[in-house]
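Listed below, chain by chain, are the residues.
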Amino acid sequence: MAVHKRSYRAYEGALTPRWSRFLILTRYAAKGVFQSRIITGLFVISFFYPLLMIAGLYLNHNTQVLSMLKLASDQILVINGTFFLVLMTVQAAFAFLMTAFIGPNMIAPDLANNALPLYFCRPLSRTEYVTGRACVIFFVLSFITWIPGLLIFAIEGTLSGPAWAWDHRNFAFGIFIGSVLWLLLLTLIALAISAWVRWKLIAGALLLAVMFASSGFATAVNEILRVKAGFYLDPANLIAAIWARFFDVPIHTEMSITGAYAGIAVICGFCVLLLSRKIRAFEVVK
Amino acid sequence: MTPTIELAGLEVRLGSRLILDNLTCSLSGRTIGLLGPNGAGKSTLINTLLGFHPPNRGTARILGHDIRTGLDRVRSLVGFMPENDSFIANMTAVAFIRMMAELSGLPREAALERAHEALFYVGLGEARYRKLGTYSLGMKQLAKLAQAIVHGPKLVILDEPTNGLDPPARQRMVRMIREMKETGDLRIVLCSHLLRDVEEACEEVLILKQGRIVHYSNLETERKANLRFVEIETHGDDGGFIEALEGLGCECAIAGDRRLKMVLSEGIEIQDIYRVAESRRVQLRKLNYRRDTLEDIFLKAMETTNGRS
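Sequence lines, in order, name chains P and E.
Using our numbering, the letters of the first sequence correspond one by one to residues 1 to 286.
Using our numbering, the letters of the second sequence correspond one by one to residues 1001 to 1309.
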């Protein structure tokens, strides 16, 4: 057993940079995320579709295999906007599922155990605390959304040549911007729910309910009021509209791209408001 | 020496309620006790000092740093042990304390080393790899103390540190607080409703009532002053005993039949009283120092209707 001094002594050594300390929360939370078998399993499964697509791309450009199978290059995969829209939609769905498992673990345990005063009595602001927690979700989900998306775009660009990549650069922007916005939405909604609902199971269920309910609510608004504005209430539709614009695919929702960005900003703003009301060292009972 | 806490017209409102009303004082002791009945504003004062509640008026300085302009510096100098359970249940003690040390700015290796040290110091060395959720109430208190001191703060604020502890554990906690005060450049603010804890551990006491300061007491000075007050009970004829004592310069007052209260003048010791008694052939049946306990001080302060700021 190690021998440790049993007297109090002050710390006189070097300190880490102030700006980097929120990442400590990210590091500790990330360790906890992959202790769950369900999350690890889901994380692994979420790579299947991109790997399948990468295999498809390889076959698409492998003349030997194509001639052996007596297929034309676009008979295996047609690489166009729809291809990337489907890819990102599948990955976005996995990201959503992952968030339902990861999100509730972020803030709820700290609130349930009354740990916030311990964080905020240190040189750590509320913004840094939320950023530290948000980074966990954002980093993990990045590995299943824009990173494989851009990887597939890069592979196709390599196989089809730089001219294809240049002509379709909008796809790359769409993969990145759309994914980042989707992750931002999921992260903030998950954190807001985690901050208000202390029970992890209920928080996870509530996230699923919020997303499905918002879709249903949007449809109901459209049906009852005979408008199309209801789609702006559904986060998934907002992202779909942005992706559709970048991937040059027509959509049925007739949403304006500016309206979609505004809708995302409003939802994010609302989540930040919810977080700012709940993330405090002490609750003031008025 | 830089004052530990300086309050200048500090006023805090929560909603429309005035919680701290124009507090002004300067406390320089190494261990400061914060006393007051429930709802006096002790916890709000602590929370304000830590920047959790912004002051509506006035300001406070911790170790010379203004809480309005230098909150980050204040927080890096302070360790805080909250009153309620505060921990992360599914973390081991060592991981939790290490994370807290890292959040205070310690590099990873130093944080790990100090987490082990802090846990050994508070007596949780053998249980440091257990999850905090499995700890008993007393162990949780110790873990909270460990996280408060792990980064080597200059000031530790302890909010009801002996809550829920059995007598031996309470004594150990108080002893540890006294030891911390004596080792190194550490100052302590102890907020407790247990007067005995404060009396045993603190040099200065600030008593709050209804958000105002009703009494400030330097316990060290009080203890010294108490040694100058003596109560004597004699037997038989006093034979000019009182006059003889007054002749030495002591102030005497008769407190009843053969009972005497006196203030020893400078340079006069208890042995001189015995000498005078022997020379006057007076039997001393009782000789006590006046013991104005913290409880007496506290009760007197509570009788004060209007606090002074």
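Because the hints were derived from the structure by calculation, they are not lab data.
Quick caveat, the model's predicted, so the values are computed rather than measured.
The beta carbon of each residue, even a glycine, is placed where N, CA and C say it ideally should be.
Do not rely on the hints blindly, as some may be mistaken.
Here are the simulated distance ranges between beta carbons [claimed, not checked]: (1) P:H252 with E:R1057: 55 to 61 Å; (2) P:S276 with E:N1084: 46 to 52 Å; (3) P:R9 with E:D1066: 27 to 33 Å.
Some residues of chain P that are not near chain E, with every Cβ distance over 12 Å (derived) [unchecked claim]: (4) T16; (5) L97; (6) W166; (7) D248; (8) H252; (9) V266.
Here is what the structure says about each hint:
1. P:H252 with E:R1057: 55 to 61 Å: holds, 59 Å
2. P:S276 with E:N1084: 46 to 52 Å: violated, 23 Å
3. P:R9 with E:D1066: 27 to 33 Å: holds, 28 Å
4. T16: The claim breaks: P:T16 does not keep its Cβ more than 12 Å from every Cβ of chain E (closest is about 5 Å).
5. L97: holds, 23 Å
6. W166: P:W166 is indeed farther than 12 Å from all Cβ atoms of chain E, at 44 Å.
7. D248: About 47 Å separates P:D248 from the closest Cβ of chain E, which puts it past 12 Å; holds.
8. H252: holds, 46 Å
9. V266: Label holds. Min Cβ-Cβ 29 Å, cutoff 12 Å.
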